[in-house]
Every structure is written in structure tokens, then in C-alpha cells.
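2 protein chains.
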Amino acid sequence: MGRVSAFIVNIGTELLIGRTINGNLQWLGSRIYSLGGEVLGSITVHDRKNQIAFALKCALNSEADFIITTGGLGPTYDDITMEAIAEWLGKKLVLNENALSFMIKLRKPMSEESKKAYEKMATLPEGSTPLFNYVGAAPGAMLLIGEKRLFVLPGVPREMKDMFERYVEPFIGHSVSRGIVTRIEEIFEAQISPLITKLTKSFPSVYVKSHPSMEYGKSVLRIEAWTQDSSVDLMEIYRELENFVKAHGGKINLENQT
Amino acid sequence: MGRVSAFIVNIGTELLIGRTINGNLQWLGSRIYSLGGEVLGSITVHDRKNQIAFALKCALNSEADFIITTGGLGPTYDDITMEAIAEWLGKKLVLNENALSFMIKLRKPMSEESKKAYEKMATLPEGSTPLFNYVGAAPGAMLLIGEKRLFVLPGVPREMKDMFERYVEPFIGHSVSRGIVTRIEEIFEAQISPLITKLTKSFPSVYVKSHPSMEYGKSVLRIEAWTQDSSVDLMEIYRELENFVKAHGGKINLENQT
Numbered sequence: 023m024g025r026v027s028a029f030i031v032n033i034g035t036e037l038l039i040g041r042t043i044n045g046n047l048q049w050l051g052s053r054i055y056s057l058g059g060e061v062l063g064s065i066t067v068h069d070r071k072n073q074i075a076f077a078l079k080c081a082l083n084s085e086a087d088f089i090i091t092t093g094g095l096g097p098t099y100d101d102i103t104m105e106a107i108a109e110w111l112g113k114k115l116v117l118n119e120n121a122l123s124f125m126i127k128l129r130k131p132m133s134e135e136s137k138k139a140y141e142k143m144a145t146l147p148e149g150s151t152p153l154f155n156y157v158g159a160a161p162g163a164m165l166l167i168g169e170k171r172l173f174v175l176p177g178v179p180r181e182m183k184d185m186f187e188r189y190v191e192p193f194i195g196h197s198v199s200r201g202i203v204t205r206i207e208e209i210f211e212a213q214i215s216p217l218i219t220k221l222t223k224s225f226p227s228v229y230v231k232s233h234p235s236m237e238y239g240k241s242v243l244r245i246e247a248w249t250q251d252s253s254v255d256l257m258e259i260y261r262e263l264e265n266f267v268k269a270h271g272g273k274i275n276l277e278n279q280t
Numbered sequence: 023m024g025r026v027s028a029f030i031v032n033i034g035t036e037l038l039i040g041r042t043i044n045g046n047l048q049w050l051g052s053r054i055y056s057l058g059g060e061v062l063g064s065i066t067v068h069d070r071k072n073q074i075a076f077a078l079k080c081a082l083n084s085e086a087d088f089i090i091t092t093g094g095l096g097p098t099y100d101d102i103t104m105e106a107i108a109e110w111l112g113k114k115l116v117l118n119e120n121a122l123s124f125m126i127k128l129r130k131p132m133s134e135e136s137k138k139a140y141e142k143m144a145t146l147p148e149g150s151t152p153l154f155n156y157v158g159a160a161p162g163a164m165l166l167i168g169e170k171r172l173f174v175l176p177g178v179p180r181e182m183k184d185m186f187e188r189y190v191e192p193f194i195g196h197s198v199s200r201g202i203v204t205r206i207e208e209i210f211e212a213q214i215s216p217l218i219t220k221l222t223k224s225f226p227s228v229y230v231k232s233h234p235s236m237e238y239g240k241s242v243l244r245i246e247a248w249t250q251d252s253s254v255d256l257m258e259i260y261r262e263l264e265n266f267v268k269a270h271g272g273k274i275n276l277e278n279q280t
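These protein sequences, in sequence, are chains A and B. In this text, residue positions in the first sequence follow my numbering: the first is 23, and each later residue adds one. In this text, residue positions in the second sequence follow my numbering: the first is 23, and each later residue adds one.
It is possible that part of the hints are untrue.
You can't tell identical chains apart in this list, so a pair holds if it fits in one copy or across any two.
In silico DSSO-like cross-links for lysine-lysine, where the CA-CA straight-line distance does not exceed 30 Å [to be verified]:
(1) Lys137 x Lys170
(2) Lys113 x Lys170
(3) Lys113 x Lys79
(4) Lys142 x Lys113
(5) Lys268 x Lys138
(6) Lys240 x Lys127
(7) Lys273 x Lys170
(8) Lys79 x Lys170
(9) Lys142 x Lys183
Read the hints as simulated data drawn from the structure, not as lab findings.
Chain A on its own, in the form it takes in the complex (with noise of 0.2 Å):
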């Protein structure tokens, strides 16, 4: 009854040498987070196929439910995130003629030159479900891996929020998660731990979690509540806070709500 827990790889020496910054990473997690889910953790790599592999690796070793690969989808031969995967999963490069037509039909290649570079970029492992690019060319793709979900989006910003709104949130499920964030001030998470074991035990389908941090030399504490069971009432634990946070002489006020 957790929140469902993305791992994030991206993809590119630009990353790794300073020359950009990681902003799908700030992105995706702070989206994933407001819809109800959690990056566990991210992974960055060289366009090199060997640090593809070992950071793959890594994300089917860990705990999160999906894993989502970012960048190397291009037409030029660095590129490399497809064939990388294909071969670290054993399984052939075959040209998606979905994901083809798709291409030619949005973006109409001029040249045989613009003709071979769509198709190296259709280009996706066996068994791969093609992720259409309305924002820019390269196709993603969707694999399950075992029992976890891979999915393979461009690493050009627009071109990555195009593609995880339209294929990887229906898959977080908003709909159905929801949760509280509650911001406390003047109470310590030692003093307040026994409420929250007894609330863990009163709802078993809920997953309440407290956050300790310091703003502005002040220490806050939050407390957040979530659930994919449509039947509890989060407010109830609410007012359970509310009421022990107040008897200590605590402030408290609901930061967040989905």
C-alpha cells in the first residue's frame, strides 16, 4: 500500500560533464511526487553501452515499481540507448513500421539521408511497445522487464514531458492514489511517533510517513498520508493530528491535498 516508486536513468555525457543540468530529474520528480508517486532513485550514465547496462542494473535492483530511461533516442550514432538495451535484455533490434509511419506521416522526411535516420530511430528492441513523439521525432518505447515496467523516452525536455504525460501517468494512476501533506511546527517526530504507529494500525491500507527539516533554522515536521483505498477518509487522520498537535501546544495546517 505504498506509493508507487519510479527509478529514473538518464542517459548522457552532457550530464556528466557539467555541460548540462539535470532538469528532467528536478521535473520528474516533482511531478511524480504531486501525482501521489515517488522517484527512489536515479541513476546518471555515459552514451556508453556497457554504463547503459550497469545502470539498468541497478534500477531492476532496486525496490521501485517502474523504471523510466531518459535520452539517446537521436538519429546520430552516439545514440545508442536502443541498441544498449536490446542487447543487454539478449533481444534483436527490429524496425517498428507503426512507429515509422507515425514519424513519416507528422514530420514528412525530405532527403534519403532524413529517410535512414527515422528509421534507425524506429528502431526498437523485440517485444517493445512504441511510444509515438508528437513533439519532436525519436519514437520511446515500453517494455515490461520480468514484472517491471521500462519506459524508454527522448532525453529533449518538451520531448519527455510530451511522452510521461501521455504514456507514463495513466500508468502512476492520479485517479486513484490520494494524500495529505500536513506541515507541524513546535512538535518533535520523537514526540508524536506513537500517533503515527497507532494511525498506521487504525488504517491498515493507508501510508502515512513523517518528513523532519529545517527551514529557515526552524524545524518542521511533515507528515503525509496516502492511500489508493477509496473508502478511508484522510481527513479523519487529520484531526487526529490536529488534535494531539494542538494538546502539545504544536501548530499544524494541511500544506497539501490530492
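With chain A held as given, fit chain B onto it using these hints.
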């Protein structure tokens, strides 16, 4: 004779929920690259013990020469990096008197509470070399894990940067590694690769590598040559490249020399 390579472990929930963009990775990537080294990969995880252990295991399994962690060294109890490292290595946590007296001299704690916070921060995994913090409070640590060096740095950017320059840079050995970066247009990697093969044979102590990329729709090829061998004149390599590129109608210039 390759570049010295680092694996970066960034620890902090704020990086995975989109609250903070990973500027530390960009800075480290750019700085290590300009010193002639390379960030081989990077992993970002939450301030949770099992995930810090997971990240360290990935880093240790990589081919990088050394590991840097950032984050989780502060006084609050969600700062658990030292504890997680000690547990992962099966070592005890011990109060480091040198680190503590350095902090006390520099910052003079006022209350009993702040003294306790200082003691928490000066408690390091057994066998650590403390890295004094001249900019903030929390000390870092250096540990040897087998043959790999682990630098444990703070997450606050200005503290991290100061400690990197003080303790990690000398290890990378700026002065012994020299390199050139050439920028080539209108020649493709496939054309020039026989010359690169020839150069790696004629100069066995030099690491020669090509990086193709796209810049504003134009394809650009960079060829880098790095060496720690003081008897090599890298400009000889540059001249061979220049002769080849000019003979084939391309453009070349020396983009960087260290």
C-alpha cells in the same frame, strides 16, 4: 592510462521530489572534467539507510577509481549518511576528537543543545580521516574501501566545493594529467577513426577519445588526448589531426589545453 574517474552519490530526498535541482553534480562533473578526470556515473537516493547502502554498492561495483558522496552530514536526525556508511561497512561510529575540537575552535557552540549537535556531526565511521569544514560546521570523512577511496562531503554547495578543492583535487592530481581537446567540423568519426587507431598505437601512454555531437543542427566531432606521461608532446598529436582534417577539407581548432 585512462582518465581518473569518480562515481558520485548524491544523498537527499529534496533532489528526488523536485524541490532542489542537482547543481552539485553539475559542478563536480564540470570541475573533475576540467582537471582531466571524469565522472563515470552518478546515483541519487533518499536519506534512508537502505538506499544509501544500495547506492554505495552500485558505486563500488562501477569501474570508477574513487567515490564521492554529498549530503546528509548535518545535525538533524534525518542526516544519516555517516551512520549508513558505518553500518554498511560493518564499522562502529566513534566520536572524532580532532574533528570536534576543530569545530569548537571555529564556531564556539553556545548551548548544551548545540554541543550535542556538534558531537553528532563529529561522530564518524571508525577508521575515517576527518575532513575539516572551513565554511560550515559538519566535517566530512575520507575512508578506504578496499582499493577505492570514498570522500564523504556535505550537501551544502559552498561547503561541498570548499572541501572538494581542499581534499579531493590533490587526489585527482591536476598537475600530472595534461590534455588537449580539438573541435572538428565537416569530418565524420568513421573517416578519421583509422588515424585515431594509429595514434593510440604510436602514443601508447596517451588516451585518445572521440566524441561526436550535434550543435545547432551541425555535427561536430571532438577528439581528446590525455596523458600523465611528461615526455609526450600532445601538440604532435594535434598536428597529425590537423594535417588529416585539412587534407580532407574539414575544419579543426584547439578548443582546450590543460
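Hints and how they fare:
{"no.": "1", "hint": "Lys137 x Lys170", "in the structure": "neither (33 Å within a copy, 48 Å between copies)"}
{"no.": "2", "hint": "Lys113 x Lys170", "in the structure": "within (17 Å within a copy, 35 Å between copies)"}
{"no.": "3", "hint": "Lys113 x Lys79", "in the structure": "both (16 Å within a copy, 28 Å between copies)"}
{"no.": "4", "hint": "Lys142 x Lys113", "in the structure": "within (16 Å within a copy, 51 Å between copies)"}
{"no.": "5", "hint": "Lys268 x Lys138", "in the structure": "between (67 Å within a copy, 28 Å between copies)"}
{"no.": "6", "hint": "Lys240 x Lys127", "in the structure": "between (57 Å within a copy, 25 Å between copies)"}
{"no.": "7", "hint": "Lys273 x Lys170", "in the structure": "neither (42 Å within a copy, 47 Å between copies)"}
{"no.": "8", "hint": "Lys79 x Lys170", "in the structure": "both (12 Å within a copy, 21 Å between copies)"}
{"no.": "9", "hint": "Lys142 x Lys183", "in the structure": "within (22 Å within a copy, 42 Å between copies)"}
The structure is inconsistent with the numbered hints 1, 7, although it conforms to all the rest.
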